[in-house]
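Each chain is listed here by its residues.
2 protein chains.
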Amino acid sequence: MQANSDELHIQTQAQLGELYEALDSGTFKQVKRMLNGLSPVEIAHLLESSPPPSRRALWRLVDKEKEGDILQELPDDIQAQFLRRMDAQEVAHITEGMDADDVADILQQLPDRVIKEVLKAMGEQDRQRIETVLSYDEDTAGGMMDTDTITVRPRFTLDVVLRYLRRHDELPASTDNLIVVNRKDEFLGLLPLSKLLTTDPSITVREVMSTDAEPIDAQLPDTEVANLFERNDWVSAPVVDEDGKVVGRITIDDVVDVIREDADHSLMSMAGLDEEEDTFAPVMRTTPRRAIWLGVNLITAITASAVISIFQDTIDKVVALAVLMPIVASMGGVAGSQTLTVVIRGMALSQVGRHNLGYLLSKEATVGLINGFIWALVMGGIAAYWFQDINLAIIIAAAMVINLLTAATMGALLPVLLRAMKIDPALAGSVALTTVTDVVGFFAFLGLATYFYA
Amino acid sequence: MQANSDELHIQTQAQLGELYEALDSGTFKQVKRMLNGLSPVEIAHLLESSPPPSRRALWRLVDKEKEGDILQELPDDIQAQFLRRMDAQEVAHITEGMDADDVADILQQLPDRVIKEVLKAMGEQDRQRIETVLSYDEDTAGGMMDTDTITVRPRFTLDVVLRYLRRHDELPASTDNLIVVNRKDEFLGLLPLSKLLTTDPSITVREVMSTDAEPIDAQLPDTEVANLFERNDWVSAPVVDEDGKVVGRITIDDVVDVIREDADHSLMSMAGLDEEEDTFAPVMRTTPRRAIWLGVNLITAITASAVISIFQDTIDKVVALAVLMPIVASMGGVAGSQTLTVVIRGMALSQVGRHNLGYLLSKEATVGLINGFIWALVMGGIAAYWFQDINLAIIIAAAMVINLLTAATMGALLPVLLRAMKIDPALAGSVALTTVTDVVGFFAFLGLATYFYA
Numbered sequence: 001m002q003a004n005s006d007e008l009h010i011q012t013q014a015q016l017g018e019l020y021e022a023l024d025s026g027t028f029k030q031v032k033r034m035l036n037g038l039s040p041v042e043i044a045h046l047l048e049s050s051p052p053p054s055r056r057a058l059w060r061l062v063d064k065e066k067e068g069d070i071l072q073e074l075p076d077d078i079q080a081q082f083l084r085r086m087d088a089q090e091v092a093h094i095t096e097g098m099d100a101d102d103v104a105d106i107l108q109q110l111p112d113r114v115i116k117e118v119l120k121a122m123g124e125q126d127r128q129r130i131e132t133v134l135s136y137d138e139d140t141a142g143g144m145m146d147t148d149t150i151t152v153r154p155r156f157t158l159d160v161v162l163r164y165l166r167r168h169d170e171l172p173a174s175t176d177n178l179i180v181v182n183r184k185d186e187f188l189g190l191l192p193l194s195k196l197l198t199t200d201p202s203i204t205v206r207e208v209m210s211t212d213a214e215p216i217d218a219q220l221p222d223t224e225v226a227n228l229f230e231r232n233d234w235v236s237a238p239v240v241d242e243d244g245k246v247v248g249r250i251t252i253d254d255v256v257d258v259i260r261e262d263a264d265h266s267l268m269s270m271a272g273l274d275e276e277e278d279t280f281a282p283v284m285r286t287t288p289r290r291a292i293w294l295g296v297n298l299i300t301a302i303t304a305s306a307v308i309s310i311f312q313d314t315i316d317k318v319v320a321l322a323v324l325m326p327i328v329a330s331m332g333g334v335a336g337s338q339t340l341t342v343v344i345r346g347m348a349l350s351q352v353g354r355h356n357l358g359y360l361l362s363k364e365a366t367v368g369l370i371n372g373f374i375w376a377l378v379m380g381g382i383a384a385y386w387f388q389d390i391n392l393a394i395i396i397a398a399a400m401v402i403n404l405l406t407a408a409t410m411g412a413l414l415p416v417l418l419r420a421m422k423i424d425p426a427l428a429g430s431v432a433l434t435t436v437t438d439v440v441g442f443f444a445f446l447g448l449a450t451y452f453y454a
Numbered sequence: 001m002q003a004n005s006d007e008l009h010i011q012t013q014a015q016l017g018e019l020y021e022a023l024d025s026g027t028f029k030q031v032k033r034m035l036n037g038l039s040p041v042e043i044a045h046l047l048e049s050s051p052p053p054s055r056r057a058l059w060r061l062v063d064k065e066k067e068g069d070i071l072q073e074l075p076d077d078i079q080a081q082f083l084r085r086m087d088a089q090e091v092a093h094i095t096e097g098m099d100a101d102d103v104a105d106i107l108q109q110l111p112d113r114v115i116k117e118v119l120k121a122m123g124e125q126d127r128q129r130i131e132t133v134l135s136y137d138e139d140t141a142g143g144m145m146d147t148d149t150i151t152v153r154p155r156f157t158l159d160v161v162l163r164y165l166r167r168h169d170e171l172p173a174s175t176d177n178l179i180v181v182n183r184k185d186e187f188l189g190l191l192p193l194s195k196l197l198t199t200d201p202s203i204t205v206r207e208v209m210s211t212d213a214e215p216i217d218a219q220l221p222d223t224e225v226a227n228l229f230e231r232n233d234w235v236s237a238p239v240v241d242e243d244g245k246v247v248g249r250i251t252i253d254d255v256v257d258v259i260r261e262d263a264d265h266s267l268m269s270m271a272g273l274d275e276e277e278d279t280f281a282p283v284m285r286t287t288p289r290r291a292i293w294l295g296v297n298l299i300t301a302i303t304a305s306a307v308i309s310i311f312q313d314t315i316d317k318v319v320a321l322a323v324l325m326p327i328v329a330s331m332g333g334v335a336g337s338q339t340l341t342v343v344i345r346g347m348a349l350s351q352v353g354r355h356n357l358g359y360l361l362s363k364e365a366t367v368g369l370i371n372g373f374i375w376a377l378v379m380g381g382i383a384a385y386w387f388q389d390i391n392l393a394i395i396i397a398a399a400m401v402i403n404l405l406t407a408a409t410m411g412a413l414l415p416v417l418l419r420a421m422k423i424d425p426a427l428a429g430s431v432a433l434t435t436v437t438d439v440v441g442f443f444a445f446l447g448l449a450t451y452f453y454a
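Heads up: the protein sequence lines correspond to chains A and B, in order. Sequential numbering from 1 applies to the first sequence in UniProt numbering. Sequential numbering from 1 applies to the second sequence in UniProt numbering.
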């Protein structure tokens with residue numbers, strides 16, 4: 001991502017510079033004008049990129065009628081911060097006219113009691129739309145759908161459909177298909193706008209509608225929705241409830257958000273972080289979250305130390321062992337984390353499973369073994385020269401081969417085992433692997449040394 | 001991502017199971033029928049999920065006319081493997097009728113000499129389209145665009161446009177706008193299909209076209225194109241050359257690929273891997289790539305060992321130091337990598353820069369310091385109890401505070417420094433940080449011990 005958006009970066013920082021300067025010098029009128037001259041997406045990005053104090057100051061200067069549009073572009077964490085200062089009336093007001101799925105996302109940051117109040121403060125029609133979306137889990141197709149669908153009946157001619165559309169002021173965003181339903185609102189097929197525009201208008205909907213795409217079940221997890229969109233290059237897709245009734249429509253822009261979060265999940269989890277983590281979260285919120293992860297790692301580190309302590313006498317005899325000992329563990333850690341990362345990504349892409357795990361395992365083990373030998377030779381040579389001790393060279397070389405082979409094997413096996421135990425491999429994989437490579441690394445190196453020198 | 005696509009995972013593994021079984025039992029006819037009953041995207045996913053030998057066997061059974069569609073769904077690495085076995089005629093044949101950007105992607109896997117031959121073997125019209133795309137860098141807007149645009153003139157009435165469209169058999173995929181150009185093909189604005197369908201047909205294009213969206217410059221990097229699409233919820237966007245002439249059109253499906261690769265880049269780079277890495281690449285291809293990363297890490301590890309060797313005499317006196325020494329380095333490594341990951345993601349999202357780095361740095365340093373104190377207390381207590389030595393407890397506690405503070409500070413600073421030096425922080429950040437946390441960890445712990453015990 002390093003090349004990502006140099007231009008956007010420069011632009012963001014220039015805008016922040018101007019805004020902070022104006023804030024500092026107290027020229028709020030100017031800040032207000034500058035800020036509200038930007039699009040909601042741009043304002044959201046500036047808020048995300050600001051430390052909490054400036055964030056609050058900027059938010060107060062945002063035009064009331066823009067608040068809703070900005071709010072829906074912000075990550076959950078920051079949404080919650082701003083919502084906490086609003087009452088139900090205000091929330092109902094700023095979410096007016098927004099897509100149902102976006103309103104539902106915002107409401108889900110609030111306590112149940114407040115959600116009820118906000119719904120009560122809404123118009124009847126809005127309330128119904130949003131209650132439909134809220135009735136599904138946030139991470140399902142139902143939770144990410146809009147309710148603004150345009151449906152047509154199969155017996156109409158295209159000419160009738162064209163005249164019907166002309167009665168609208170505009171079509172819902174990202175409409176590439178009209179949804180064909182029967183009188184019970186059950187899904188029958190899709191009428192692509194491109195078909196509507198290129199076909200003889202006297203033909204009926206039934207004759208041109210496409211029936212090969214299945215509608216999405218409202219209960220389908222959002223990651224599978226994203227998979228379907230990616231595999232089929234969809235722009236929008238209809239959502240049906242358990243009775244096959246069309247209840248809404250998912251559009252690609254919401255799918256892109258899922259793809260982005262999904263891809264961020266592995267990266268952030270491998271460091272024990274949440275993918276929604278606010279980069280500029282205040283110290284008091286960040287510290288406890290990080291502390292837990294450090295605590296887990298301390299147990300790993302103490303386990304490794306306990307292994308070393310078994311061999312205190314040997315180290316006492318040959319102090320060079322203490323000098324070289326971290327190298328074996330470190331190389332194992334790196335080799336293991338490479339395999340782990342490849343396998344975790346392979347699992348995220350649904351590539352790795354029962355029928356190819358065998359190949360993957362033997363491949364990674366072979367790579368680990370070959371690289372073990374290569375770097376064992378190099379490191380053995382260095383150790384022999386450094387400490388003028390051929391035994392030490394043989395010991396570190398052998399320990400390195402053992403640890404790199406173990407690391408590669410466990411790097412491939414651990415995520416699969418963790419998944420079978422319903423534990424997130426991205427979260428638990430790296431700690432588990434470090435424990436293995438440290439313990440095996442120290443044990444192999446110091447154990448061999450004890451055998452040689454005892 | 002762990003919850004990702006359980007269903008897809010199960011389906012993939014079931015299909016692989018059936019296919020491999022049929023391959024093993026030599027019933028190729030059955031494999032052929034099963035395989036070719038799937039969509040190109042599904043076949044591509046099965047090929048990606050297969051070890052190279054099964055991959056080649058399956059590929060040979062794929063219907064000739066499907067090869068092109070499957071090929072364009074595969075990552076670069078695997079595309080190249082299959083293309084190596086084809087001659088120019090075959091490549092020209094299977095890419096017939098494909099989008100220009102997809103053909104260009106495929107051709108870029110071939111040597112220049114072969115590209116020329118393939119282009120020569122194509123029809124005149126195809127050749128021109130593809131040469132246009134090939135004239136731009138793969139990672140720019142020009143390299144990811146299609147050339148199949150529908151353009152209209154501003155003076156036409158919508159009725160004329162509607163009749164013009166009806167002369168087409170279908171519209172290009174993901175067409176949500178027609179592009180309005182003057183007689184020199186220069187971009188003037190967009191005519192959304194939704195406007196076309198909801199507006200009185202006697203009105204002219206000029207009156208309803210939208211002119212607020214800027215077209216994309218063909219030289220714009222693909223990551224910035226993705227940013228524009230994400231920020232504006234676009235489905236497609238026109239691309240213009242340096243003279244403002246419309247040369248093509250980018251669609252959301254190609255943008256989603258960029259977003260996915262972009263997000264994968266940080267994850268894979270932090271383990272020294274390429275985001276295009278083939279999960280099942282053969283040993284001989286994987287080993288050298290991994291070896292280089294291990295070599296870089298060996299230098300880091302030896303540097304840390306060199307620091308330890310300075311304090312050999314102290315370790316010789318107090319062997320408990322050798323036992324506890326890895327804990328300080330390890331905790332620093334974990335604290336640092338948490339900060340590093342947050343900052344690298346923040347940079348990828350264009351959030352972090354000159355105007356908020358100060359806040360971020362002081363925040364991360366404070367978190368590091370507080371967590372340093374918390375775990376120093378815990379570890380100090382453990383060390384005092386374990387070795388019955390209060391000095392050792394004080395030494396490890398102090399070293400831990402120093403190392404966690406350093407780790408957090410450097411975790412925030414390093415990626416910014418690396419970027420300023422035009423080095424990819426995702427790739428170099430973790431190695432650079434480990435070097436710092438190891439060196440400082442060992443130096444602080446053993447240095448303090450030398451001071452106390454000497």
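Read the hints as simulated data drawn from the structure, not as lab findings. Quick caveat, the model's predicted, so the values are computed rather than measured. Hints are not guaranteed to be accurate.
Any copy will do: because identical chains look the same in the list, a pair fits if it lies in one copy or spans two.
With a cut-off of at most 20 Å between alpha-carbon atoms, the simulated DMTMM-like pairs for lysine to aspartate or glutamate come out as follows [stated by the list, open to error]:
1. Lys195 x Asp159
2. Lys66 x Glu230
3. Lys66 x Asp212
4. Lys317 x Glu124
5. Lys32 x Glu42
6. Lys32 x Glu21
A quick look at each hint next to the structure:
no.	hint	in the structure
1	Lys195 x Asp159	both (12 Å within a copy, 17 Å between copies)
2	Lys66 x Glu230	between (32 Å within a copy, 19 Å between copies)
3	Lys66 x Asp212	between (41 Å within a copy, 19 Å between copies)
4	Lys317 x Glu124	neither (82 Å within a copy, 80 Å between copies)
5	Lys32 x Glu42	within (14 Å within a copy, 52 Å between copies)
6	Lys32 x Glu21	within (13 Å within a copy, 68 Å between copies)
The structure fails hint 4 only (numbered hints given earlier).
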